[in-house]
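Visitor: Sequence:
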Amino acid sequence: MIEGQYTQSWGSFAPTGFEAAAIAQSVQAPDSLWGSLARRMVLTARKTPLDVERFGVKLRLYPSDNLCEKRALLTPERFDPAERHILLDRIHPEFRFVDIGANIGLYSLLVAAAAGPKGRVLAVEPQPVIKQRLRFNLLANKSLQIIHADCAVAAKKGVARMSLSRQNRGAAGFALRSGAKPDDEFMVQTRVLSELLHTHDMHGADALKMDIEGAEDQVLPGYFEDTPTEGLPKLLILERNPDWSVDCIELAQKCGYRLIEQAHMNVVLER
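Going letter by letter, the sequence shown gives residues 844 to 1114 in our numbering.
By construction, these hints were calculated from the structure, which means they are not laboratory data. Watch out, some of these pointers could steer you wrong.
[Stated by the list, open to error] List time: in silico DSSO-like cross-link candidates among lysine-lysine, alpha-carbon distance up to 27 Å:
no., residue 1, residue 2
1, K961, K985
2, K961, K1077
3, K961, K901
[Unchecked claim] Across the chosen pairs, the derived CB separations fall in these ranges:
no., residue 1, residue 2, range
4, D1086, P936, 38 to 44 Å
5, W877, L982, 33 to 39 Å
6, Q1105, I990, 29 to 35 Å
7, M1108, E846, 32 to 38 Å
8, Q1105, P971, 31 to 37 Å
We treat Cβ as the ideally placed atom computed from N, Cα and C, and that holds for glycine.
Kindly produce the complete structure, drawing on both the sequences and the hints.
Guide: The following block contains the structure:
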């Protein structure tokens, strides 16, 4: 553990002048040789987190072991640009957003910042290390209306085992996508999605993002069956997975959603 990583205030791990210049080079010219070299230098030299501003919010990022944090730091414009544009285009002052598999909170924070003080966000993230990073980022932006739910969503309420790879902590799930042996395993509380949304008054939310590493097919069939049409979110962002036992995109379309975007890893549906 890095001393002070969760207790020292935001700004305590600011980039050095050299690091700031290298990060700027990567952000401004990501496809260039200099951009590639700059990324390599930052990732090789820095052993502690970095405090930066991205998407209008304050973040403490750990780029060495989490792909989304690496992208946010070094190539932020490549972080789900189509999905971000669609979300921000629909923001209104009382926007309600559910972030299932919130990771360190990038989606939650950018939506809450755009919506303002009357917007509400529910960030669902159970992984021990990642949820500590999430909580720090929420505290660094404490004026934003975000609630953290420390649980996973599943087909039934209870307890389940999750696995992770330390090379990409954000990809933790009930089973690693690669089928490889996990670096670590941990137990989490599980909640049924419809019940979780009811608890937090999020039925009929404006948007719901779900990135739970292939377990969407365990959650969405029961959710669609249990939830009347008027209680469904208006917008859905789902990470595609070829190993689904149920085609979640087709399932959503049967519930009145239409496909409006096929991005690099996600699909966006709207009703």
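Visitor: Which numbered hints are broken by the structure, listed smallest first?
Guide: none
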